[in-house]
Amino acid sequence: MISLLTLTPRPAYSAIDVMRLSHHFGRTLRQVPAEADTVSHQLLLRAGLVQQLAAGIYSYLPLGWKVLRKVEQIIREEMDAAGGQELMLPALHPIEIWEASGRLPLFGGTVFTLSDRRDRGLVLGPTHEEIIADVFKRHVQSYRDLPLLLYQIQVKFRDEARPRGGLIRVREFTMKDLYSFDVDAEGLDESCRKMLQAYKNVFDRCGVPTVVVEADSGAIGGKDSWEFMFLSDSGEDQAVICSACDYAANAERADFRKPDVPQETPKPVDEVSTPGIKAIDDLCAFLGIAPWQTLKAVFYSADGQPAFVAIRGDMEVNETKVRNALSAVDLHLMDDVELEQAGLVAGYASPVGLKNVKVVADDAVPSSPNLVGGANKPDAHQRNLNYGRDWTADIVTDIALAREGDACPRCGSPLTIQRAMEMGHLFKLGTIYSEKMGATFLDRDGVAKPVVMGSYGIGTGRLLAGIVEASHDEQGIIWPSQLAPYDVHLVALSMDRPDVTDACERLYEELQQAGISVLYDDRDESPGVKFNDADLLGMPLRLTVSPRTLDKGSVEVKRRTEKESTLVPVEEAAARLQELLKQP
RNA sequence: CGGGGUGUAGCUCAGCCAGGCUAGAGCGCGUGGUUUGGGACCACGAGGUCGGCGGUUCAAAUCCGCCCACCCCGACCA
5 MISLLTLTPR PAYSAIDVMR LSHHFGRTLR QVPAEADTVS HQLLLRAGLV QQLAAGIYSY
65 LPLGWKVLRK VEQIIREEMD AAGGQELMLP ALHPIEIWEA SGRLPLFGGT VFTLSDRRDR
125 GLVLGPTHEE IIADVFKRHV QSYRDLPLLL YQIQVKFRDE ARPRGGLIRV REFTMKDLYS
185 FDVDAEGLDE SCRKMLQAYK NVFDRCGVPT VVVEADSGAI GGKDSWEFMF LSDSGEDQAV
245 ICSACDYAAN AERADFRKPD VPQETPKPVD EVSTPGIKAI DDLCAFLGIA PWQTLKAVFY
305 SADGQPAFVA IRGDMEVNET KVRNALSAVD LHLMDDVELE QAGLVAGYAS PVGLKNVKVV
365 ADDAVPSSPN LVGGANKPDA HQRNLNYGRD WTADIVTDIA LAREGDACPR CGSPLTIQRA
425 MEMGHLFKLG TIYSEKMGAT FLDRDGVAKP VVMGSYGIGT GRLLAGIVEA SHDEQGIIWP
485 SQLAPYDVHL VALSMDRPDV TDACERLYEE LQQAGISVLY DDRDESPGVK FNDADLLGMP
545 LRLTVSPRTL DKGSVEVKRR TEKESTLVPV EEAAARLQEL LKQP
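Per the numbering used here, the first sequence starts with residue 5, numbered consecutively.
The hints are simulated quantities; they were obtained by calculation from the structure and are not laboratory data.
Please note that the accuracy of each hint is not assured.
[Stated by the list, open to error] List of simulated lysine-lysine pairs, DSS-like, C-alpha gap at most 25 Å:
hint, residue 1, residue 2
1, K204, K227
2, K586, K70
3, K74, K586
4, K227, K74
5, K381, K359
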């Protein structure tokens, strides 16, 4: 064994030791920056992990980057364990590939587009299904090559209408996307199961509690999709969760049992004067009836076409369901101008006798007799409207929004609604991309078939925000030990005391020799500053060395998660820390 | 895109309504000194196109107009 003394002295150019806080880049903030609203955003800024450049565009500073890389490493390990193979795809895409898939309009304005010097159209990739399908089709010909799981961890760009919440919703973001390729639906099921487990592992290892919910697949497409949701008030999504069984869904997608209404024989239609009465509540009060006895009309513009949406008065419209029912990209409530152009009278509209307007009715409407609806003229309503007899819809399907207290579609117990952050999303794409992109393989019988695809994403920056949301206290971040930038925060009190600095230097070396990473606060700061920074930065263990502890031949060890500290003899400190690091 | 809010020093903000000296405070930063177990103290100091452009005025951080940026709610969104 070579003695340490025989090693060449450190060359001068490596003299900056960045694990000493005096040299470490990035500073802590005492005050909360005004722009930060959510807890994670505040802590990420205060601890000096990230810095904002523009709306939804962030720099990662050394400490934040270190953690992000650990997050990526966990993801990488779980993807590899599931049989995934990592590759790297371009961020810059020729616009033609997006035109080929026909998906550009679906993304609308959220795709960043640009031109090269020859005026060719390019896209800053918002996601990579098209690109991976292209890679696939050039390399895979046979069913023997399947199943196949390919993934990438890289930057993507989406010009979000509204970035928000620090890292929760950004415009330039790093995302892990894994794409699965299978011969058939059963294969896809299996790949999807693998990913469900892999995702569960990732979030468990990151210390973020998640629930799996049924989701809407939006612009990514496909038949089924699930989201991993972290229930948090800082989230921008709403999760509908059954209070009794395991039903859980994104509010965009959630179903519920609609209350049955008494069946009665249809009565004759009868017009009633309702001056100034427009809202359902007013109508009910005026006529002395309940909301479920009314028919509510809501007007949307769906890709520029007027749509009349009819739903019973005791329910609200779920716009995502309407959008899906109409296969529309853009859906918005009609404004006054659009209403007038379509010849509709807000507050008194009725589907009866309506022409040239697409009518969508909720599926509870046909079984709800004798409803009160508008008369298609001001200040009047009609009683006893009956679906089938008086009017029909172009589409009858579920378009109702699940609300707090509604009955679970599975067990009938009350549903709860909670704010949530979408941590991961799994899509069963099927063959929609492979057909458009010509990604086929030859099956056992030599027949070319479109490959069955799945896509599975995790936003790494958002996950970082979720980790901080899930693990912090009043004082700052509490890193799960597997993600902490350093294992130990070494705090020297009284830097002017040689016994303190000597002990710290020895411990600093000794711990590193033992494979423990150390952030050493060697600054000439007061104890309060150092302790507060240690709490804010959130390393799992704090090791304090001061004249007071050295008088007892000891140093002080404290877990970030605990209030109390313990004195440990200096010579036992390294062993003790090592032991503590092994226990979660 | 609709609604609301905010732009003054690295950060948090006051000053603006009621125009008027070299534009302020706290924190942070630099120098020197005193301190040292939960964001210490003293002294001195550096640091500002008052978001931008235009207008009104003898005079604009302050009043008016246009624009831009950022934040929040909604729409939209993986």
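Each hint, compared with the structure:
1. Proximity of K204 to K227 is assessed by CA-CA distance (about 22 Å); at most 25 Å being required, the pair is judged to hold.
2. With a C-alpha separation of about 21 Å, the suggested pair K586 and K70 falls inside the 25 Å cut-off, and the hint holds.
3. Only pairs whose Cα atoms come within 25 Å are accepted, and K74 paired with K586 is accepted, the gap being roughly 18 Å.
4. A hinted pair counts as satisfied when its Cα atoms are at most 25 Å apart, and K227 with K74 does not qualify at roughly 33 Å.
5. Taking the CA atoms of K381 and K359, the gap is near 15 Å; set against the 25 Å cutoff, the hint holds.
Checked against the numbered hints given earlier, this structure breaks only hint 4.
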